[in-house]
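Chemist: Position 26 (the sequence shown) corresponds to 26 in our numbering; numbering is contiguous.
Please note that the accuracy of each hint is not assured.
Ranges between beta-carbon positions, derived for each pair [claimed, not checked]:
| hint | residue 1 | residue 2 | range |
| --- | --- | --- | --- |
| 1 | Ala30 | Trp98 | 27 to 37 angstroms |
| 2 | Leu104 | Gly50 | 41 to 51 angstroms |
| 3 | Thr49 | Arg119 | 47 to 57 angstroms |
| 4 | Arg84 | Gly146 | 16 to 26 angstroms |
Hints were generated in silico from the structure; no laboratory data involved. Where is the CB? At the ideal position from N, CA and C, for every residue including glycine.
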Amino acid sequence: MTTPEHEPSAPQPTAPEFPDRVRRSSGAIAGGVLLLAIILWLGFDAMFTGSGRVPWLALAGMILAVPLVTAFTFRPAVYVNDDRLRIRNPFRVVVLPWSQVAGLRSGYSNEVVTVSGKRYQLWAVPVSLRARKRAARQEARAAAAGEPGAERRSGLFG
């Protein structure tokens with residue numbers, strides 16, 4: 001008779017060899033800091049110098065605005081390592097092993113397309129509209145010049 005201490009356990013998954021690489025929008029971080037500074041400045045000013053209901057309304061506004069600004073500017077991130085892609089959007093976290101990722105698409109936003117056809121937005125990785133327009137112009141020039149393989153190109157950078 002074996003006891004639970006002597007039974008072989010299932011192999012435990014190993015930790016990634018390297019830490020996750022994190023991708024975030026630096027513009028969103030800067031905008032979040034600026035918005036929080038403005039909200040806190042105006043809110044505390046109204047709380048300490050206002051009279052009547054104004055301090056309470058300022059406090060309620062700050063309680064509502066600060067978590068929303070934090071969720072939409074600081075929280076979004078994309079974590080990448082050799083095994084998986086983890087997408088952290090404002091209200092949801094999606095973990096995809098690389099075997100489930102079929103591709104990445106860039107339009108007005110970046111999104112991951114899975115093998116099963118599901119699409120997930122990457123809030124943390126902004127799309128450069130200037131780069132998108134430049135790629136479209138290059139693709140149109142290549143197609144007009146009759147460059148071989150121009151019709152096969154797709155996506156943001158062909």
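Chemist: Do the beta carbons of Thr49 and Arg119 sit within 47 to 57 angstroms of each other?
Modeler: 49 angstroms Cβ-Cβ, so the 47 to 57 angstroms window holds.
Chemist: If I claimed the Cβ atoms of Leu104 and Gly50 lie 41 to 51 angstroms apart, would that claim hold in this structure?
Modeler: Cβ of Leu104 to Cβ of Gly50: about 49 angstroms, so the range 41 to 51 angstroms holds.
Chemist: Determine whether the Cβ-Cβ distance between Arg84 and Gly146 falls within the hinted range of 16 to 26 angstroms.
Modeler: violated (42 angstroms)
Chemist: Cβ-Cβ distance between Ala30 and Trp98: within 27 to 37 angstroms?
Modeler: The hinted range 27 to 37 angstroms holds for Ala30 and Trp98, with Cβ atoms some 31 angstroms apart.
Checked against the numbered hints above, the structure breaks only hint 4 and satisfies the rest.
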